[in-house]
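Once you've looked at the hints, dock chains B and C against the given chain A.
Just so you know, the protein sequences line up as chains A, B and C, in that order.
For the record, in the first sequence the residue sitting at position 274 is 274 according to the working numbering, with numbers rising by one throughout.
For the record, in the second sequence the residue sitting at position 95 is 1095 according to the working numbering, with numbers rising by one throughout.
For the record, in the third sequence the residue sitting at position 21 is 2021 according to the working numbering, with numbers rising by one throughout.
Wrong hints could be hidden among the right ones.
[Said to hold, decoys possible] Using 20 Å as the maximum straight-line C-alpha spacing, the simulated EDC-like pairs for lysine to aspartate or glutamate come out as follows: (1) A/92 - A/262; (2) C/2148 - A/341; (3) A/320 - A/52; (4) B/1055 - A/177; (5) A/249 - A/262; (6) C/2148 - C/2074; (7) A/249 - C/2083; (8) A/92 - A/280; (9) A/320 - C/2031; (10) B/1127 - B/1095; (11) B/1127 - C/2158; (12) A/320 - C/2158; (13) A/37 - C/2139.
Everything labelled a hint here was simulated from the structure, so no lab data went into it.
Remember, predicted model here, so these are calculated numbers, not experimental data.
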Amino acid sequence: MITRETITINMGPQHPSTHGVLRLVLELEGEVVVSCKPVIGYLHTGIEKEMEYRTYHQNITLVDRIEYLSSYHEELAYCLAVEKLLGIDVPKRAQYIRVIMAELNRIASHLVWLGTSALDLNVSSLLMYCFRDREEIMELSEIVSGQRMMPGYFRIGGVQQDLPEEFFPRVRRFLDEFPRRLEEYEALLTHNLVWRERNEGVAVLRPEDALAYGVTGPVLRGSGIAYDVRKAFPYSSYDEFEFDVPLGKNGDAYDRYLVRMEEMRQSRRIVLQALDRLPEGPVLIDDRKVALPPRRELVRSMEAVIHQFKLVSEGIHPPKGEAYAAVESPRGEKGYYIVSDGSNRPVRVRVRSPSFSNLQALPVMVQGGMLADVVVAIASIDIVLGDVDR
Amino acid sequence: MAGIRIAPEDEGLKRNVLTTTVDRMLAWARSSSVWPVQFGLACCAIEMIATTTSKFDIARFGMEAFRASPRQSDLMIVAGRVSQKMAPVVRHIYEQMLEPKWVIAMGDCASCGGVYNNYALVQGVDKIVPVDVYVAGCPPRPEALLYGLMKLQEKIREQGRAGTFRREPVSVR
Amino acid sequence: MRGAADLTPVQAFLQDCLGEAVLEVHRFRQDATVLVSPERILDALAAVREDPWRFVMLTDLTAWDRYPAEPRFEVVYHLLSLERRERLRIKTRVPSHDPVLPTAVPLFRGANWFERELWDLFGIRFHGHPDLTRILMPDDWEGHPLRKDYPLTEEPVEFKGHVPKVPSEIIPYVPPPRRDDP
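For reference, chain A alone in the conformation it holds in the complex (with noise of 0.2 Å):
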């Protein structure tokens, strides 16, 4: 008589192709993948509750780390639901200035993506030549903010500092390049025999079980459903920009990838409008409230100084309620949600991540699949683990 066992193998924290601390039990029976159970937990940060002990100002250094390949779109997140919370208004400039960082990133963390795939399927001269054009979009953001990672960079009411004069002929060299660069990624993989083999009917979402697992962001838009934040309930000038958001068919690795690609070249005319169309004037709120005075007041006004003293050593304080802003990170939906009782300090700040229920799809998309396309479901859904478990 035979008999049929199911192996459970663990694909540990520790392993080059889950991109990151992030736990698979997987039972198989010989190749086809029974059930997968993700473990997650390996790098909660306990972001949340740390988030409660801050003021507003302090939690901006915070919320950068969470999502470390994005950190302008979850400081913009941040900024955005502190902002309706207190019902105030950006300036025009600082919006414009808040897209083009924005966009910038997305095209960083697609780069990484697609280096960090392609080397999971062992095409690892994609690696540096993705993470050449990623350093350029770095060294764009060290003048920006002064900082590559982790920028700091926005503020509740704008950004800290304007953008300086050696930005703008930097960021169009790069723009100019970039396609002529996406244009060698894509003859290299798009119509890559090995690469459609590997990609193409793997790890299929359907739409009905991306709605269901609340997916967002490229894996969503890779299922064929249309739903992009920018687009549904714009933000930060949004709608004044004429963009497409591709859409997949068949919901498998080879169309995220597509959107992923395709998202990247959107991603180039949107910075190219905004700077076209840059407006003149303040790039932070001029209530004193909330934005600290510009520093040459500072020798002249008392006002200023007290303003000053009182934000940095107390903070604002937003009235009591609670608000609900998000953005469309290279992830998906990334959410802010922020009660205030009106102290110095939130009384809850929540992070709703888009790895976290990405992620949540994952034995869904392995499911009766090879043990080596765990590999590519993985990597195409793009997770940061430091956003799923904060």
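Relative to chain A, chains B and C alone:
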């Protein structure tokens, strides 16, 4: 070249023969081909990957071979924050590495807990494993990590000179 | 605080549909919020999932601790309607002595991990959940970290020449100002 007496007719030997100690040879070999284990945890892992890519090029130090298995590696670069759930895993990986082994605590979270000071994180990975070099930064620039790696190489070579296995950590700003 | 002038249609629908179970309805900064009593929460979620409202996506399920106010935990469901491009927030409150709610997994499969996270971090149990175990903290952890009576567990930091401080006391807590603000 101490303690070797060469006869005058063999002066040419001095130009062609180099003498040293076995410890120094081993230290030179070890420091020039340190193989790190893939242990990127969080944001610092991205800067670690950036260090391996062509702009900062860790391969010129002989360290581009990031081994997936701890049994085949010499160096554990703890890149990122270590949570309570991950701490036993860090110790487990460290114990699986074979002697001689070194640990670099990359970033503020691995050195001292960093920006975070709460229930979920181990305040510094030196509470779990002995650390040789601390590289500060949040995240440290790739150049900072390279400087830390060079300091580690110096430390390894010093072990060859001294002939001992000193475990005092060196801090890099 | 029933009924304000500019309620959204779905808020009015829920008020009609559930009647007494809707404890509070308001719009703050254009966010539509409905507070429902815990026995009818699943009815509320199912009702707005149907046509014509079509709030088919549960984007977030979270909670916060109102300690020492009772009922202690406020559980918040964020819903999204893709066709109507509308968001809705449905809240409910559970007491601290028995924080139990029925599970939303039959309605929204994505609620699975959200409810595990709430059990892990708050101690709110979900009746009927397939696998209510800890998800973020280690399996043998004791306590529920995001509760207000659970300490942040900070290590004091040495400052040169000063008394060792904990970082959260560097800028201390300042209570809400006593002002009659609208």
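Taking the hints in turn, this is what the structure says about them:
1. A/92 - A/262: With a Cα-Cα distance of about 28 Å, the restraint between residue 92 of chain A and residue 262 of chain A is violated, given a limit of 20 Å.
2. C/2148 - A/341: Cα-Cα ~14 Å, so holds.
3. A/320 - A/52: Given pair residue 320 of chain A, residue 52 of chain A holds - Cα atoms ~15 Å apart, limit 20 Å.
4. B/1055 - A/177: holds, 18 Å
5. A/249 - A/262: Given pair residue 249 of chain A, residue 262 of chain A holds - Cα atoms ~14 Å apart, limit 20 Å.
6. C/2148 - C/2074: holds, 13 Å
7. A/249 - C/2083: holds, 19 Å
8. A/92 - A/280: Answer holds: residue 92 of chain A to residue 280 of chain A is near 8 Å, not above 20 Å.
9. A/320 - C/2031: The hint holds at about 14 Å.
10. B/1127 - B/1095: Judged against 20 Å, a Cα distance of about 15 Å means the pair holds.
11. B/1127 - C/2158: Given pair residue 1127 of chain B, residue 2158 of chain C holds - Cα atoms ~18 Å apart, limit 20 Å.
12. A/320 - C/2158: violated, 35 Å
13. A/37 - C/2139: Holds, because 15 Å separates the two Cα atoms, which is no more than 20 Å.
Going through the hint list in order, the structure does not satisfy hints 1 and 12.
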